[in-house]
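For the record, the sequence lines run as chains D and G. According to the working numbering, the residues represented by the first sequence are 1 to 115, in order. According to the working numbering, the residues represented by the second sequence are 1 to 109, in order.
In case anyone wonders, no lab produced these hints; they're calculated from the structure. Misleading hints may appear alongside valid ones.
Claimed, not checked - Result set (DSBU-like, lysine-lysine): computed pairs, CA atoms no more than 35 Å apart in a straight line:
id, chain 1, residue 1, chain 2, residue 2
1, D, 9, G, 101
2, D, 57, D, 9
3, G, 81, G, 101
4, G, 101, D, 57
5, G, 81, D, 9
Unchecked claim - With the Cβ distance kept under 10 Å, some of the chain G side facing chain D (calculated, not the full set):
id, residue
6, 33
7, 35
8, 44
9, 48
10, 87
11, 89
12, 91
13, 97
14, 99
Said to hold, decoys possible - Chain G is faced by these chain D residues, among others (derived, beta-carbon under 7 Å):
id, residue
15, 33
16, 42
17, 48
18, 103
19, 106
20, 109
Glycine residues also receive a C-beta, built at the ideal position from the N, C-alpha and C atoms.
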Amino acid sequence: DSGVTQTPKHLITATGQRVTLRCSPRSGDLSVYWYQQSLDQGLQFLIQYYNGEERAKGNILERFSAQQFPDLHSELNLSSLELGDSALYFCASSVAGSQSTDTQYFGPGTRLTVL
Amino acid sequence: GQSLEQPSEVTAVEGAIVQINCTYQTSGFYGLSWYQQHDGGAPTFLSYNALDGLEETGRFSSFLSRSDSYGYLLLQELQMKDSASYFCALPTGNTPLVFGKGTRLSVIA
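Between the sequences and the hints, there should be enough to build the whole structure, so can you do that?
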């Protein structure tokens, strides 16, 4: 158990819908990262928040957005869902925002299925 | 940009040693990390190399050669529970981690 929690574990929805994925980082960690993992694309970095502020952005679609709240939990919002958005979404956390030395601890993931 | 290449699949016998290679291209180097992921599970951190040489952690070791842009993960005394996907990853200046596509290790009896 990494100490990172994610809800829900599974989500099934229809195309065009909007969903919210939630992540609580390990106690004391200030950074939260979101990743998407699909069979053909591997693990893709989406976005990082550090202490409530956006720190880095990866290949995140405009239909996707995220935020980190004062209690440091984070939410990833996915809208106008398409079949291709079906994937595992992981949240990870680390103590600080440094990219070179921080170990990232991953949550169990949310499996999103878009029908 | 950054890119990593690793074999897609490796099969090894229980009790043996296996090496998973990773070559990378990056404009700014911060180190090479390795993660393990069991089917349906979350990636878990295994090791991080910032300097050349071998880092050993129990049955797992990781090696880095910055001049060759190359690293490997060495797993000794293989156990069935080591069957998983192994990812090398690059911390970068723009995005925290760029992952390779992963190597699926199958340990057979």
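For this session: Go through the numbered hints given earlier and state which of them the structure violates, listing their numbers in rising order.
Result: none
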